[in-house]
Amino acid sequence: MHFNTGYRADAELLARRVGEIFTGYDAVVMPSGSCAAMVREWYPTLGVEPPSGVYELSEFLVDVLGVVDVGAYFPHTVTYHPTCHSLRSLRVGTRPEKLLSAVRGLKLLPLGGADECCGFGGTFSVKNPAVSAAMCTDKVRNVLDTGAEVLCAADNSCLMHIGGTMRRQRAGVRTMHLAQILASTEEEPA
Amino acid sequence: MTGARARGAGATGVSGTFVGMPAFPIASAKAVGDSQLRHNLHKATHTIRGKRAAVVGEQPDWTELRAAGAAIKNRVLRHLDVYLEQLEAAVVKAGGHVHWAADAAEANRIVTALVKATGETEVVKVKSMATQEIELNEALADAGITAYETDLAELIVQLGDDRPSHILVPAIHRNRAEIREIFQRSMSEWGRPAPADLADDPPALAEAARLHLRERFLAAKVGISGANFAVAETGTLVVLESEGNGRMCLTLPETLISVVGIEKLVPTWQDLEVFMQTLPRSSTGERMNPYTSMWTGAAEGQEFHLVLLDNGRTDVLADQVGRQALRCIRCSACLNVCPVYERAGGHAYGSVYPGPIGAILTPQLRGMSSELDESLPYASTLCGACYDVCPVEINIPEVLLDLRAKVAAAGGKGHRVERLAMAGARRVLESPGLLKAGQRAAGRFRRLTPRRLPGPLAGWTDTRDIPAPPPQSFREWWERNR
Ligand code: SF4
Chain A
4 MHFNTGYRAD
14 AELLARRVGE
24 IFTGYDAVVM
34 PSGSCAAMVR
44 EWYPTLGVEP
54 PSGVYELSEF
64 LVDVLGVVDV
74 GAYFPHTVTY
84 HPTCHSLRSL
94 RVGTRPEKLL
104 SAVRGLKLLP
114 LGGADECCGF
124 GGTFSVKNPA
134 VSAAMCTDKV
144 RNVLDTGAEV
154 LCAADNSCLM
164 HIGGTMRRQR
174 AGVRTMHLAQ
184 ILASTEEEPA
Chain B
1062 MTGARARGAG
1072 ATGVSGTFVG
1082 MPAFPIASAK
1092 AVGDSQLRHN
1102 LHKATHTIRG
1112 KRAAVVGEQP
1122 DWTELRAAGA
1132 AIKNRVLRHL
1142 DVYLEQLEAA
1152 VVKAGGHVHW
1162 AADAAEANRI
1172 VTALVKATGE
1182 TEVVKVKSMA
1192 TQEIELNEAL
1202 ADAGITAYET
1212 DLAELIVQLG
1222 DDRPSHILVP
1232 AIHRNRAEIR
1242 EIFQRSMSEW
1252 GRPAPADLAD
1262 DPPALAEAAR
1272 LHLRERFLAA
1282 KVGISGANFA
1292 VAETGTLVVL
1302 ESEGNGRMCL
1312 TLPETLISVV
1322 GIEKLVPTWQ
1332 DLEVFMQTLP
1342 RSSTGERMNP
1352 YTSMWTGAAE
1362 GQEFHLVLLD
1372 NGRTDVLADQ
1382 VGRQALRCIR
1392 CSACLNVCPV
1402 YERAGGHAYG
1412 SVYPGPIGAI
1422 LTPQLRGMSS
1432 ELDESLPYAS
1442 TLCGACYDVC
1452 PVEINIPEVL
1462 LDLRAKVAAA
1472 GGKGHRVERL
1482 AMAGARRVLE
1492 SPGLLKAGQR
1502 AAGRFRRLTP
1512 RRLPGPLAGW
1522 TDTRDIPAPP
1532 PQSFREWWER
1542 NR
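Going down the list, the protein sequences come from chains A and B.
All residue numbers in the first sequence are consecutive under this note's numbering, ending with 193.
All residue numbers in the second sequence are consecutive under this note's numbering, ending with 1543.
So here's chain A without its partners, still in its complex pose (with noise of 0.2 Å):
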């Protein structure tokens, strides 16, 4: 946030204490694709070198721990959004809709205009609040034109304001961070 507003000194600050408290670890695992882009692609360009060994949620579980099928159950049907940074600066390419396929019961459905920003953008929401929302609202009939049930998306910044412009058109359709729908199982279900 304080690095993609401009404000570099706060940012290189939070940087050094991540670095600080993440280095060390064989692997770093970051449930966001925009966080761990900040990570790997602009740390070293506030001067901080970044904790070797950091990962996006489904990098980790694709490549490092070679799993497609974690066991979880979820008997619903889902589209997912592959947000912007997952898709255009970490480029993890189709590996979340390989972990969700694999999901018992569940049921992926195709998203129209996938790789197209929710219009999100960190403070962008604030500052140009008018084509934020006008952005959000055609991702959100993208998303309604699928028919799901749950839109699914590993980043929660992207998630809470899809989801929070379809809780207030009362859209009906929850949104789920991925790792909420892997970790869901017939005794714990989500």
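Honestly, the hints are just simulated from the structure, not real lab data.
Source: prediction; values computed, not measured.
Don't take each hint at face value.
[Claimed, not checked] Dumping the calculated EDC-like pairs for lysine to aspartate or glutamate here, alpha-carbon to alpha-carbon at most 20 Å: (1) B:1497 - B:1537; (2) B:1104 - A:148; (3) B:1091 - A:141; (4) B:1467 - A:15; (5) B:1112 - A:118.
Following the hints, put chain B with the ligand in place on chain A, whose structure we already have.
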């Protein structure tokens, strides 16, 4: 003609076209509410986007071509002085005249004097961004010279007393019914009127424009153009276009004046070959554009002047991060793919350079001299779609972020409060104790989550609910379940 001339000048006054434009959030909010505009833009951008994706997708060495384009332009920028002098020498040797313009005012003075020296009061123009940038038409109008735009879309903009809203398709914000209306209302003021029974299908509109323009081409003694490229080794200028109107303006008049930004250079013909592949695919989504005109110095019986324009470019060159914007070949792929441009339209950017490239180029060229310029680096979600398609690998998000840091550091309007808020948020995020306490409080009092936020945050709750914090934070869950 006098009527048209006066109207053209009065509507936009010299260098005043974009002065006093509201900042991006305000101008774009207005555009967002215009349903016809939204529809026109959605349709047009998605059509070009699809065409581009198809022809780029079939090019097996696209990644290499992109990298080569970026490398060639970087070489040009590194040795700009050398290549510019090489170009000048080659143009002079081929019988042309070369003029150097430090800024818009100087360029306008040079061109106006050149036209006046011919004794003519009318010129025909090839579509050109550089002359839009310096507002040449308005300067000429003030000197009693009428400039006729001959590109179809520019013609629509000129006849509609409008401003361009796209680099390649300046009238992208208009649909064909609106264009028909503009032709019927205004063509007669500028020359041959539109037929009374003009239909609004594209062939009929194009035919009306063709007839209207033809008498211009045949009468014109002076042509004015820009250039897509200038090849330093031979002094050759290159214009790519779709309609052939540009070629008429380049070949028929006795005097040709070309205004070219100093970054348009490529060293050699071999370098040009790369862009001949990437530009048409990126801009119109064609493998090759219909008309490519190349000329070296003065043709027989023709006088040729090249005006090399700086107008802030050397300032941009001095900026280590921002200078990559000078690689731009004005293909407009970044506009067509930009979700913000698609909703805000081109006018909201307050410059002849709209969309992502405008958001990084305009503030740099103008030196962030207004609230509008300072708002442009924030006119993006940083989604990265522009960087993905750019045929010269301009990392637009990187430049946007760099410009944001400059705006925040300057501490202009609104940024002082924001600075305090950011520092406060940083302190909470830095301290595990504070963060934990905050999360716990939010969880306990989740029923009190407000429906409306105050002050600058009200923009959020106007259209979205705030998510209620979870009853238990991940931190708490982890402490219990690890
Ligand atoms: S920035 Fe890149 S994509 Fe945008 S107009 Fe320039 S060359 Fe084309």
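Those earlier numbered hints the structure runs against, lowest number first: Violated hints: none at all, because every hint is consistent with the structure.
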